[in-house]
Amino acid sequence: MIDFINSIVVLLNFVIIPGLSYGSQLALGALGVTFVYAILRFANFAHGELMSFGAMITILFTWFFQSQNIGLGILPTALIALPFGILATIVLGLLSDKFVFKYYRTQKSVPVVLAMVSIGVMFVVNAIIRIIVGTETIKFSDGQKFIMKAKQFKVMTGLNEGLALKSSQVITILITIALLTFTFWFLQKTKTGKSMRAFSDNEDLALLSGINPDRVVFITWLIVGTLACVAGTLYGLDKSYKPIIYLNLVLPIFASAIVGGIGSPFGAVVGGYVIAFSEIMVTYAYKKFFKYLLPENLEPSSLVQLLSTDYKFAVSFTILVIVLLIRPSGIFRGKVL
Amino acid sequence: MRFDKYEWTAISIMVSLFILVGFVQGWSVSLVILNMCIISAIMTMGVNISWGYAGVINFGVMGFLAMGGLAAVLVSYPPIKEAWHVGGSGLGISFVLLIGLVIAVYFINKLVEKKSHKYWLNGLVIFFGVIIIRHFFLNATSKIEEVDPALAGFLGGANLPIIFSWVVGGFFAGGVAFLIGKVALGLRSDYLAIVTLGISEIVVSVLKHEEWLSRGVKNVIGLKRPVPYEINLQSSDWFINMVTWFNSSKLNEIIDPDQKQEILNKIIIDSSSLFVKLNYAVLFFIVMIVIYYFANKAQVSPWGRMMRAIRDNEVSANAMGKDIVKQHLIIFVIGAAIVGVAGAMLVTLDGLFTPSGYRPLRFTFIIWIMVIVGGSGNNLGAIFGGFVIWFSWIEVAPLTTFLINLFTSGMDPQNAIRLHLLNSVPYFRYLLMGMVLLLILRYRPKGIIPEKVRHS
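Residue numbers (the working numbering), protein chains in the order written: chain Z, 224 to 560; chain G, 34 to 489.
This is chain G alone, in the form it adopts within the complex (with noise of 0.2 Å):
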């Protein structure tokens, strides 16, 4: 992992912009805006893994980060077990059916020879089943969604703690990614956005409606974190401690005890929220550097090399006999894994899970941008695509808002023009999210970090 002048250039660009934020606008919002952005950044690197180094795209984004922030809820969530007493077994029946129904559709297509008959008995079988099925499941769900609708109304989770659900969530994203990838992958690349983009909503639709899962749209708020409370933090002593040491000199300055001790507190009050954000950065920052690792080493192991050569030219590496499809599937998997624990990591720091937050603009389509920007096939390309976008995401707010109070500053202040402009300036970052990507894509088609191709 050695960077040229260039990559240091971008890096240290980076840090001296939260930097900046954290004087001009306060260091707790310059760490909201870091974490997302490591957020962002692990999600572009499970996009550029199966883009960048495969040439494999997956616009299906949304639906794997939805996935992992299933999984935050159902690793962390206690269980509720009223709701498993009454819908319990109903639940189990239908799975057990489930299970039996995929088995006999396996057998029928195994076993019997003429195609029209094979397709009759297993419109049959699975209609039948089906029916069979609903019955028993309608039931079982209906009756868990009655448990406490108010406060409860789903099966709950597992009772562990939320830091599991990273790699749980990774499971997930990938499960469905393989499921996926089996039936579409093998499409021609624009079809293969298209679908991939549908199935992430038909994903998301199911997490908003099937209540008994996940609550859908009434969401599960109070979500377990993996750092310490802010309320435990003031009042136990090892912090108090380290605040007053750290703002000793600035304390020893004041002399009346009482003034002292009331802006002791207001300092530990701002400190705690900082401290809990810090540790979030922290453990955020631990796991993108651990994915950014072995995503690079595996780019330049002869797997990764493989693949390149599979994305560059597929025809001569089949010639090769490599195994395209398998190989295609197994990126695939890889990506969206990642993509998901991005999004139980979310889940994770936000404490909520409301499905109907994830919209395609937002999760999927900014992904992508990050990932053309920063430059597809480059890791650190990834991360500071992350990085930009989200930074720029937030920012571009209050710098919309100076510059149309700057180039309006000769109108009437209740100009009908001004205020307009004024209320619509949360949409002006998407304005400047599409023009940065019809730029990059233009003058920069590599992205901002470029992959390096290595000769060996």
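Only chain Z is shown next, with the shape it has when bound in the complex (with noise of 0.2 Å):
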């Protein structure tokens, strides 16, 4: 008995906890990826620097905090200077807008036009945050930085596996679970969300109904870059904040949207965390987990992994080819918000 449970600990403590921050860094951002897939209706290359906008913009102020001594004392500082960034990255999505996006969706351009000048964006974008804080990695998270160490977890239990929960971990599965039941309460309980949801799945109909285009453009670029935000300073805090990793973090959250059902919120987020979920479970090495399960002649001699952690990334790639293979509109049949 005591072997299952130090099984389902270090299974806890290698897979699923990392598995559930990671996951919802990929839900946060692969949401904001099918708000502008559904309602500005084209696939938005720009969103990982628009992640990565905000997160810069919340360590400049974290900076700027700690330097005043103002602190938020056992959690990081870059929770108080999160709200800046927030409305940093809705200046930024309103402003390319305004200047970029408005003038294709008043031309009609089809889709491809427009992922490709989601891609003139992104590489401004990009170079306005190397321009200012370069393509170093940033290490800002402070305060406490463990909840729980596996040490204390060992002596609480007296089990031979211990149970690290990092707070950043913690933090992100919070807020996550805070932002999504947000979002959904707002998108099915109020006008505004209603009339959203109407613009996305008609929007002709939308605007005969009396639906103002403008202001549903507008709050969605409020949920954009909120979410955006919030997913790359999570994402910072739980690994490091890194200029260019947040171009291959694309890749992933537009896995994670498409294997949902792309325009489908619900199925964002659950893509999100099959893509993490698989992501790290076909790269884990199992061989901690048999060695309490099996009795001890069975014991494997191999690592017993699927594959090598080098083809974290392909996972979800290969998940995303077989997706459309089998069911093109994704597992929440997408398209409608």
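Treat each hint with caution, since some may be false.
Stated by the list, open to error - No more than 25 Å apart at the CA atoms, straight line, and that leaves these computed lysine to aspartate or glutamate pairs for DMTMM-like:
id	chain 1	residue 1	chain 2	residue 2
1	G	Lys251	Z	Asp533
2	G	Lys299	G	Glu286
3	Z	Lys331	G	Asp345
As the list claims (entries may be wrong) - Partial selection, computed: residues in chain G whose CB lies under 8 Å from chain Z:
id	residue
4	Ile90
5	Val200
6	Phe204
7	Gly208
8	Ala226
9	Gly231
10	Glu234
11	Ser238
12	Gly390
13	Tyr460
14	Ile481
Hints in this document: simulated from the structure, not taken from any laboratory.
The C-beta atom is built at its ideal place from N, Cα and C for all residues, glycine as well.
Using the hints, put the two standalone chains together into the complex.
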């Protein structure tokens, strides 16, 4: 019995908790991509840079607060800086919309052209970020790093295996839950949310019934900016901030959005967790897990790893391709918000 | 191939820019930029064929370039006999097993009628097949990777002249493109963009981590050259005679024989490196012209007109009996193959293969900017786009340094803002690329040299 609990703890420590926090970051990112896709109707390649930009502004404000000796004690200072980051990201989103995307929307350009345009925006934002903070890795998490250390857990429970709980992981999961609850409540219950769903479902009909498209677009950028900045900051808090990494993050995010059914917010969230868990589960070495479960003479000699961690990234794309082949509309038939 | 006034202007502007760089920064710099420009132009033509002719989006440029690079390694590197000796049979067995697995799956799909049975049977066969193949495969590859890991650790290549790899690279990239196209074509264009982008990442990560094949992140260096080495040139008589003849007027002015010899040696060293670069430029230029010629021929042929019909109106082209799926696959493969040729040429020029150097920003998105800026659907436009964008990608750094110095000239030289800006000079090129793309898409969506539609 104790072996069984030990094996579960191993799994929790190395698969489930990291999966949950990484999945939350992906889910928030994918939700943002889905909003742009469902309402503005294009694949936004600049979303990763939007996340990066939000994280960067948050970092700048964190440094400012740290220099003023304002902090949250055991919580990271970045949490007070986050609202400023969100604000800046929203402004950036609205500016990019006003100066770039709006023109193509009124021209009714095809989605591919808009995707190209978003690549242009991606380059510009990328350059701005690099010019401001360079390309170095930045660690900006402060406060208490661990809620529970592996050693403490061992002492507490008397088990062989430790369970470490980083505060950034807990913060990520809590903020994600709060933000997702709010977003879904907003979409389902408020009048604005309903008008957005109507706009996404059938633009012409929505316009006929008196929904103001400019307002819908405005609200969309508010939500997208918030989601992007929070996702970017949480990712930076959890790993560490590196401007280049966000370009690579765009691909798993797109994969999450498409796997879940692009255009469907619920699908995006589920897709985020599906991608995160499969990335981690396929590349995790289960040797330790089986060591506790199996009798001694059956213990595996190899690592029991499906794929080496080098291919972590390829996993999300393999899943994407498989989903597109078997069920092109994604897990939750996408298209409508 | 008749150019109109506008196209002549574009060409002459480009030529004069290279001459200007030659005089200001030296001919060596100018030739280095020119070589990369030609390779970029070939990549751009490859993308332009699939996007401009048929509207098939291909964001997998990076992956196809990497396949071309792999071809350069596999063709030119000498084979490592010991690695073949220890791991060859294991690899052979796993390869045969893999073919057996594919055949088994094929027959299961053909013979078993019921759908649920089919899925289960397929799943079982693939699961156990993969486990068995993995056993042989990992055994063989780990043995190969243990052979002299500091210098070899991979299978090596065929020891042929590297110039063959330009063709082989095309076939490699085309083969991969065929597989991708079979899977992904038919998706909506923006899905296709994301999927090709992702698959190209998978291709690169395979090259990065399968060390037995490509040496992975340990890189392959010292590839053979299709052109002479500087050191050989400097000791060969005909080259020395040629250099002396070229510089005879300058040398004749010097009377002291010792000084004369010294200056001659210096000139020989300089011109040997120039000569090598010039050789590359000539080789690349020939390839570019050949591809350009055939691409143009294809565009005005009945096939090219059919492609345009498919691009402009898929439904009616389908109604006319054109097989759209097949034609899309063909043009996707052709475009990718040309990109593969460019990839092999790129590795040839560098003389080394670094899988971790393939980044999407540099090798996919920049190429796309070249296509959009140059003019999709026009081959000369594609070449021009490749030249202009690569030229500005390189030359923007000195220009920005100059501008920053100009605008901050009033400030204290140790001013923090000034120093920070000077440190971030390399990042201004991204800003420029983004701005150029946005401006072109907004004000000249058909590109600098737009497509010419011939009504015949």
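How the hints compare with the structure:
no., hint, verdict
1, G:Lys251 with Z:Asp533, "holds (14 Å)"
2, G:Lys299 with G:Glu286, "holds (16 Å)"
3, Z:Lys331 with G:Asp345, "holds (17 Å)"
4, Ile90, "holds (6 Å)"
5, Val200, "violated (29 Å)"
6, Phe204, "violated (23 Å)"
7, Gly208, "violated (18 Å)"
8, Ala226, "holds (6 Å)"
9, Gly231, "holds (4 Å)"
10, Glu234, "holds (6 Å)"
11, Ser238, "holds (5 Å)"
12, Gly390, "violated (14 Å)"
13, Tyr460, "holds (4 Å)"
14, Ile481, "violated (16 Å)"
In this structure, the earlier hints numbered 5, 6, 7, 12, 14 are contradicted, and the remaining ones agree with it.
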